[in-house]
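Once you have looked at the hints, place chain X on chain P.
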Amino acid sequence: MDTRFACIFVPDFPVEAVVRPEPDLREQPVAVLEGAAPLLRVVAANGKARALGIEMGMTRLQAEALPDVLLRRRSFLQEDAAHAALLDCAAAFSPRVEATAADTALLDLAGLERLFGPAQKITRDLARRASELGLETNVAVASNPDAALHAARRFPGVTLIPHNKEAERLGDLPLDVLAPAPEMLEILDRWGVRTFRALAALPEVAISERLGQEGLRLQKLARGAGSRPLVAAQPPLNFEEAIELEHPLELLEPLAFLLGRMLEQLCSRLSSRALATNELRLRLQLEHQEETFERNLRLPVPMQDARLFLKLLELDLKSHPPGAPVVKLWLAAEPAPPRFAQNGLFLPLSPEPQKLELTLARISGIVGNGRAGSPELLDSHRPGAFRMVRFHPPLPGRTKISTTNGDLTMALRIFRPPLLASIDVQNGCPAKISCKSGQGLQGQIVWAAGPWRASGDWWGEGNWMRDEWDIAVRQENELALYRLVRELITGKWFLEGNYD
Amino acid sequence: MTYVELHARSAFSFLEGASLPEEMAAICSELGMPAMAMLDRDGVYGAPRFHLAAKKCGVQAHIGAEITGADGAVYPLLVESRVGYQNLCRLITRMKMRAPKHAKPGQIAATEEELAEHAKGLICLTGGDDGPLALALSKKGAGRGAVARLLKIFGPGNVYVELHRHFCREQEARNLAAVEIARRLGLPLLATNGVRYGTEPEREILDVFTCLRHHKILETAGRLLARNAECQLKSAEEMIRIFADLPQAIAATRELSSRLQFTLNDLGYEFPKYPVPEGETMMSFLRKRSDEGARKRYGSAEPDLRTRARRQIERELALIEKLDLAGYFLIVWDIVRFCREQNILVQGRGSAANSAVCYSLGITAVDPVRMDLLFERFLSEERGEWPDIDLDLPSGDQREHAIQYIYERYGKLGAAMTANVITYRGKLAAREMGKVLGFDPETLDRLSSLVGSWEYKDPKDTLERQFRDAGFDLRHPRMRKFFELCLSVQDLPRHLGQHSGGMVISQGQLDSVVPLEPASMPGRVVVQWDKDDCTDMGIIKVDLLGLGMMAVLEDSLKLIRQDYGEEVDLAQLPADDAAVYAALQKADTVGMFQIESRAQMSCLPRLHPQKFYDIVVQVAIIRPGPIVGKMVHPYLKRRQGREPVVYPHPSLETVLARTLGVPLFQEQLLRMAMIAAGFSGGEAEELRRAFGFKRSEARMKDIEVKLRAGMAHNGISPQAQDEIVQSITSFALYGFPESHAASFALLAYASAYLKCHYLPAFTAALLNNQPMGFYHASTIVKDAQRHGLKILPVDVTHSDWLCTLEHDQDSRDFRLRMGMRYVKGMREEAAHALVRERDRGPFDSIDNLARRVLEMRKNELTTLAEIGAQNSIPDADQKLLPKKSKFHRRDALWEVERVARKSGPLLEDLTEVDSSSPLERMNNDERLLADFRGTGLTVGPHPMSYRRAEMEARGVRRAIELESLPHGQHLRVAGCVIARQRPGTAKGFVFLSLEDETGIANAIVTPDLFEQNRLLLVSEKFLLIEGVLQHQDNVISVKAECVLPLQITAAQTISHDFH
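As given, the protein sequences belong to chains P and X, one line each in that order. Our numbering numbers the first residue of the first sequence as 135 and each following residue consecutively. Our numbering numbers the first residue of the second sequence as 21 and each following residue consecutively.
It should be emphasised that the hints constitute simulated quantities derived from the structure, not laboratory data. Keep in mind that a hint or two might mislead.
Listed next, the in silico EDC-like pairs over lysine to aspartate or glutamate satisfying Cα-Cα at most 16 Å (straight line) [unchecked claim]:
1) P:LYS182 - P:ASP158
2) X:LYS76 - X:ASP815
3) X:LYS501 - P:ASP591
4) X:LYS844 - X:ASP864
5) P:LYS182 - P:GLU161
6) X:LYS878 - P:ASP214
7) X:LYS447 - X:ASP465
8) X:LYS878 - P:GLU317
9) X:LYS236 - P:GLU317
10) X:LYS172 - X:GLU132
11) X:LYS236 - P:GLU320
12) X:LYS1059 - X:GLU983
13) X:LYS236 - X:ASP460
14) X:LYS159 - X:GLU134
Here the structure is a predicted model, which means the values were calculated and not measured.
Bound conformation, chain X alone:
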């Protein structure tokens, strides 16, 4: 006799279950159970993962959910048919969408009428401790009535009387009553274990979750916690033994399981049809649009390219037609068209850039035909998957605009955002586990700060040691338990969030495919599945991703239009701009997209980009794939002619020629498989996925066997086979697609072009979109200043909320005026009010400003005074005392303090008898401190410049001098630490960037030196480093031998650490 578990919750019941669906499926398979039903609370959140995992291990996955009823009971519902599934999704959507904002768990509930309305195709169990039967039995004599009511709602044959045996007296008493009721009403009995976790030890996690749900700690949670650890998945033998007196209840599980025919393979999802004019089909309409686009894109191209393009487009259209995807392309085209009309920058990225149709439709900006990109990476017949088109949009309002357009067009129940499941990781796990163990807030802070500060973990850097360093003793049982709990909750879901840009669209009712919920952002709806689940379930999605650099480009273009009176078209930028390549070759790339990091900078001079394709390589090469696969050095050496260009096999020359025989891109890996082993495009893509993120040993082995067989067939030597297999395996996980690199390279080029030719506008746009990129605003400001841009401080008589451009009267150049968004604590509405009032007439004193701009708060006035933003208000003082030296920051502070202390109306107009301030002017260090405190940066001299004489006396070189010094020279450098990194791929080496008034010096710290100076290197803001200059291939760095702290200023400079 077999047993099927038909009532199990997973961790996707959010704090009411403790195991992942995959884990449950695996245990089922181990126990030899043929099927299992997963019923999560008010949702099917974990269903796709359960479905897929179960499929893999040969277990049949039944779907269902526990629905909270308005009477407080929990109704376990099993899906029998597709109608039942659709009813369940609609029922959940209905109750979720109706719930008020910040609803408490009990407030989201289905009424009896709603249950009845959606009952078709669903089977109801009478539930466990919180089920409708148990609830009724607690009221004397109501049990039979309750079951009869369920019969009325769900119909005869669709109600099973559920029995649990967790070894509790009260439960057994209920079971006796239930058996009697079943006998009287002629209903079948059904044994289940009311599973809440896979294995016994996970009961601890469930107890912890119970505490979190009730905001209790373990010590005081008392009987809210589980009575025992019996809610795990149990084997058939065990269940049969437990229910030895009721064999029919066990037999019923098998019988009911065979009734449940529905699986998630049978979802019934349809992608929406694009409305086309009469007489057109979607395909004919798409053909016309892509012909139009192709004429524009390739009209003036050389004949050969034109022919190739036409052929490629035809090939793609044929496949699109065959796979019936015309609607999808038209819908994406429609979104792009909307953005263009609204002047929103948009660019497709990802594998879509491999498609000539996408290029023609204006979805992507990279020409895949000219670049010879691999279409199969985007779409293949074999794969039976939807193509993936990601659109990059400017982050912020513009992206929101596009999202709202989709909602409007497809209706509230036709489009939704994909979910983002927030899981327990490092800090969150530490914080919550500490909380339930009753640690105080201060300890919680210390504990959670222990988690994950470095990307790289050296072998000595065990958690035990980290705990000890922070002053905690892991030998203490409670600490030990904390540690164990943190490990065991890793990756369990905590709650549902909203993915930043993934949208799913459906023909008709999306709510019958997957339940919808209101997102925390007003006006947003989110599905219960994350984007991977949606992909796995074959639901098509469009990713609308917010990209900071897109916003910077868009803002730059606006400023150029507005202030320079010029129009720059990013699609028409000159392809070989000398200034751009000169800057890249010097690694002068602060602020440029994707090529500004320290690692990129140290590679740029070696790679020495000379044409656009070099930028594509540059974007892709500093990635874990090439680094782990040890491709970087061979490529650079070959590029510099220090190593011959050779190929693993002569047949691969066509694929690898442009990367000098070194595979750098995912497409090359696919092509290698296609050429060397005779794989089809689809098979090759299958290979990439097998080695990708969700890799499985068995699948990888299968593919490798196939790969080797193909290569052997093509006469490739075993040695070359090894080499090819090695490069494919190391690469598939992290490799960067060439199409994606090309899309990013376009943005990198555009950002470089704007920085080289329109520095003021580009810098302003960059500053207006912070935080983004690799550097803090203060570094961007200093870099722009070194490039000759004059940057003016915040000034209430000139500044807007955003940074703006001003004309220099003398030189006719642009200067950049810092905006009030950089004033700490300043609210946008106050800044706008100030500008509005200033436009009506200038402020003649601080008092006048404060009285006119009522929105301004005292702390805002004070900060403005402190950073000198009020120094140019023509103060009454100056009129009275023309000889007085210039109004300074402390004068303003003195005045603000009087103005802010409101006197009564009677004395309001009384001016101060002697308003001159007795305060001393700030000295350099105080000004620096005030600048950093008030704006996080300074537009004045670099802190190091005040100490240059002293530095020179100590033999410290300036950053700019390093390039003229010989390799191997022993020297000292010093500066403000602007970046600290310890990459996972660098074996414990630490890279520091030190900024002084002349530029940035890079230093490399060995793991040993780091170990000796850990605290210093991690926390000091200014450092002096002594070491040996390494000057090779125009890459300059100092290999540190000794590190010293420097006391330059108390100002809170900021560094970009450890990312």
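Pulled out of the complex, with its shape left as it was, chain P reads as follows:
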């Protein structure tokens, strides 16, 4: 039986992925940058940008020197979407599709002629369909998947290789199309063997003696005679739902209604595969805005509760409103195996994860993002330097209570935030304090120890310098001890705490 395979290849894939949602960009020189500032580098560019002098590895500053070239950040999200679209395009024609690479899909055309017509027509339809999905592609059809792949990767547009003409048609291609190991390519280059045709012509036994099985495999490919089976793509575990709206939504309530429907869908799909999710990703396309609005909800344990999810999303959106009417929405759930756990019989009850999550979300909604969780001390001389990490309740039975060795130590009660104070200084020492905030403090400083000086982070924008003083102030006939701080950069004084 006739076997035919098609390959769809997207040249300059990272650029295509960026251009796809913005078709106007297609006619312009575009380069894609990747990395963290200030070290962004060009990782892909379209032909027009290359013609203007863009090279791979250029820094942002160098690329900006070519003012006509549009620079975009690499978007793996858009690349994923482009890849999904590529697979969709292939899947629309054949049930047997291989996701060979992010930019390449192979499909088995066996038996499709009755449905879609002759191979020429299928090839053209494939290219047109891809174009409709926003992808400029090369499409090639050959008797085996590899020949189709090699043709698509090198020949622009649509290529149809007749039966048994693979070797002839591919003969002039350079060997790097085969992506051999660098050492192998070096040997062949030394031999002066640089095209498919030259490699195909070498005697087989001699090749096997010199380059082993890998050499034979490459030679077979060079002869256009690959015969590997397609590794048909598993329908990916891609739990994503999307809704495109006819009219922009302005209020949270109708949005929540739609979200509820999508969540139910997602949960039932997860449930059908006995999966739960530990991460929900919401993406909103807002009216008149290029960039999408995204929110990620990470859950402490995998769950499957649509109502809970909706509540969490609502709380999250309340504290982070999108700021503009919504025109499109995507909602994806990261699949994860559900949690099976049983607490010890005699262990104290900890809050149920679902409820805890809801509570934390509520707290976050009130105090602001990044302000709720567990504090983690930073290794720094800056007093009290910490960052917030996700709240993790201590595991039962593992808490260690620190014991003192009997020494009497003084406790410092920290004022958060510190209280702005006004200080009179005499002979370099604070002499009089006036602090109106908090409970108020005013009077002569009868005793002061210090300064205790610290500074750091001088290499960046977080540069800090401070002097601390321990002071005693007479209050209602008794002495009260305080910690006083002077920020040396601003010159401001603060009352930072009092000693018990």
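Showing chain X alone in chain P's frame:
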């Protein structure tokens, strides 16, 4: 009340301190501090520099060190007396020499017993955060015991309880405990600031160093970094204020300082005595040796010279006796004698060549009497310095031989190499600063490559612009910080290396003069000071310098002996060899010592050397001194008779006559001062040093006043005075000593002689000692070929590891066979194994070679095949198929690939059924590519020759044609770029050398043209240049007007760039 800082570290604590000793001394002086103690970590590395700098600014320099104890504590020790200093040096030597190789910092430590053994004359402080007291206080209740222990080790009166106040709570808590302990034990308190840098902003450098020491970046170093910036040198007022509650701790600093009587002036160094036979003194023995030598050197000389020589030798010997230097001369003589006995070429250079005694003893090869050289440049009574004798030896094993001889003779603790302090400069600074700021490796590469590629910096070529060109934005705060840090670490020491040739020798124990350390090279010991420090401290040193050209000369002589059966004595070369001067006059000097650079070549035809002294001038004239002092053109014009010879003052005629009234040498400058201003020899040398590298404004001014006064006294007009002062000032810094030039000229002459008369041997020796000199091996090969030498490619049936000579059957000439050292990736042991096996019997196939030479790796076999080195193995194929055309490189590659893929023992002996290779022969370009890839050069046709027809069509002239074309002609030249230079003295002009199959064409690129074609000129391997021919005084170059890239070959040709 005054305060003396008694605990300060400098940057010589290597990554634990952030300021140079000189800077510390200067700050001390500014703060009005009468004295300071510098205690570097486990060494006295910075002590000489601190001592000298402190002396200059009137600060008393106390010496000491922080010693790491085996308990992990750091013991600050101050030197009270010379015994204490010697103990400290021995203690450090002991712990350093014992440490295992690649020891981590904590592993180099002194035990308590060692501390006790070496305690005499030392005073111990209880230390700062890492001191023994702080360490003990961290363990509850152990503080008093620890201090009592120190008392036991160092004795009553020699322990001070140290207090720091850096405004930290923990420190203050420790201070309270320390004060209490001092009170109970009746010990004095001592305030210090535990200084780690001179000024507050340098705290940043210390933080950076801390990161480097712990292999961290600033972001993650956390509390390893300093808490604040309080470890700088503080004024007495500030310290008194800080310690207002403990005035006795401040008073103690002054009192302790007055106890510390030792300074580095009191080093106690003695040069070794040379053992002489009984009944002789060193002086009588030296007299005899120099008489013997003088008879040999001057025996057949004309009577006048003989008399002058005798007088000079007598004069020198008298001075040597007076200064008690006989031992030194005998020791150097002994080293030279050892080298002669071992057939190692040796020649003294530098100022020693001014001495007739050195010439008689065979230490130097230039006759100072005949050349009328100035002895005072070498030795003078006033200077009170040791003379400086540098010996040039062949680089490599032979030099090592001489070094080992000295170790053997003077013992491990009697001789050591001088150190070489590796400091932060351009690339190293950029790399390490980038690292601590957390830049990724790729960025680090890009940043460090930005630094220092051109010698010349034009005003527009700011760092800001360089950064922008490389794609970095200096406006970004992190980049800006990077830039600032790079600037501020410049010149700070990074670690200690070993100087390539300086050795110090001592009578008895060198380790009591300066601490010794094991060097990274096994069997080597290095002192903690560099060669300048040793000189400054009056320690005598002998420099054994490896000189590539000495090795070339020695190897040439060996080859001549072995292959020609002739013996050439370099001391007996004919003085006026016509071929040599003809070559020099044509600037045909590729490969010759010191006169092969592009700048030298462009001067040679103008100078037109005709006698040996002309070569001396030639060696000296293309130097920054004459160039900056604008002496080159006047000299050349006068030589060509285009300008009259005039003198700044008639009295200077005797000094300047032989250089036509233009001062070219340092000696002339000294003589000018002596004649014009009545300076003594020693004063004149003092003048040279005042204007030399370590110049100081004040000292220069003083000397200038003295100079002018002397000249005025001698009736020299103010105008002539200006002229003389001008030539002296511009010259002293870069001027080349005539004696040194003469020593180099001898080597230049010898190399020229060998090249002219023994080209095959000289070329082989030159190729066997690469890299050296100005040109890459490929240029040397092409030059030799143009001189008619046939060069054969590497061939496994003929080549050795080194290049060798072969007899040509037909012409009886020599041909040069390239050695396997030129095969990239080839290991010497594999080459030797191949030669050994080949001597047992020829290889009959590649398979046979691979099976017999098991040391050979696949990549070596492949490269050998690729460059055609296996083409002449009589392959089985050829026996089977006699009609097959000649075995070619691809056939070999085809075969190697099969041979290298080992089959199992069962199939090993099975020959291939059809082993003929189906591969195409390489074409010219592929062969060229393979040659350059595999050997870095080609012995085949020059790449340009393949494209000659095309070049002719484009109107490109060959290099050889240029000399017959008229000045001013508009033309094109093209070739492979073999050198690119942008010298600091040439105002931004760029000089290119383009090589084609007929020779080398020189091109000059103006700064503007360079600016427009920067990338092209810097990176293209082949260029076509259009411009105007400049043909003056036989110097030929093309002044470029337009530059175009040429695609000749993808081969990786190599150019000598920007040095």
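### Task
Verify the proposed pairing of LYS159 of chain X with GLU134 of chain X, using a straight-line Cα cut of 16 Å.
Not satisfied, since the Cα-Cα distance of roughly 24 Å exceeds 16 Å.
### Message
Can you confirm whether the C-alpha distance between LYS501 of chain X and ASP591 of chain P stays at or below 16 Å?
### Response
12 Å, holds
### Query
Does GLU320 of chain P lie within 16 Å of LYS236 of chain X when you go C-alpha to C-alpha?
Roughly 39 Å between the alpha carbons, so the hint for LYS236 of chain X and GLU320 of chain P is violated.
### Query
Is the Cα-Cα distance between LYS182 of chain P and GLU161 of chain P 16 Å or less?
8 Å, holds
### Message
LYS172 of chain X and GLU132 of chain X were given as a pair; does the straight-line alpha-carbon distance stay at or below 16 Å?
### Response
OK: LYS172 of chain X and GLU132 of chain X at ~11 Å, within 16 Å.
### Message
Next pair to validate is LYS236 of chain X with GLU317 of chain P; report whether the Cα-Cα distance is within 16 Å.
### Response
37 Å, violated
### Message
Tell me if the straight-line CA distance from LYS447 of chain X to ASP465 of chain X falls inside 16 Å.
### Response
9 Å, holds
### Query
Straight-line Cα separation of LYS1059 of chain X and GLU983 of chain X no greater than 16 Å?
Roughly 15 Å between the alpha carbons, so the hint for LYS1059 of chain X and GLU983 of chain X holds.
### Message
Checking one constraint from the list: CA of LYS878 of chain X to CA of ASP214 of chain P, max 16 Å. Satisfied?
### Response
Violated, at about 44 Å.
### Message
Checking one constraint from the list: CA of LYS236 of chain X to CA of ASP460 of chain X, max 16 Å. Satisfied?
### Response
13 Å, holds
### Message
Holds or violated: LYS182 of chain P and ASP158 of chain P, Cα atoms, limit 16 Å.
### Response
14 Å, holds
#### Entry: Hinted pair LYS76 of chain X and ASP815 of chain X, Cα distance within 16 Å
Not OK: LYS76 of chain X and ASP815 of chain X at ~65 Å, beyond 16 Å, violated.
Taken one by one, the earlier hints fail for this structure at numbers 2, 4, 6, 9, 11, 14, listed in ascending order.
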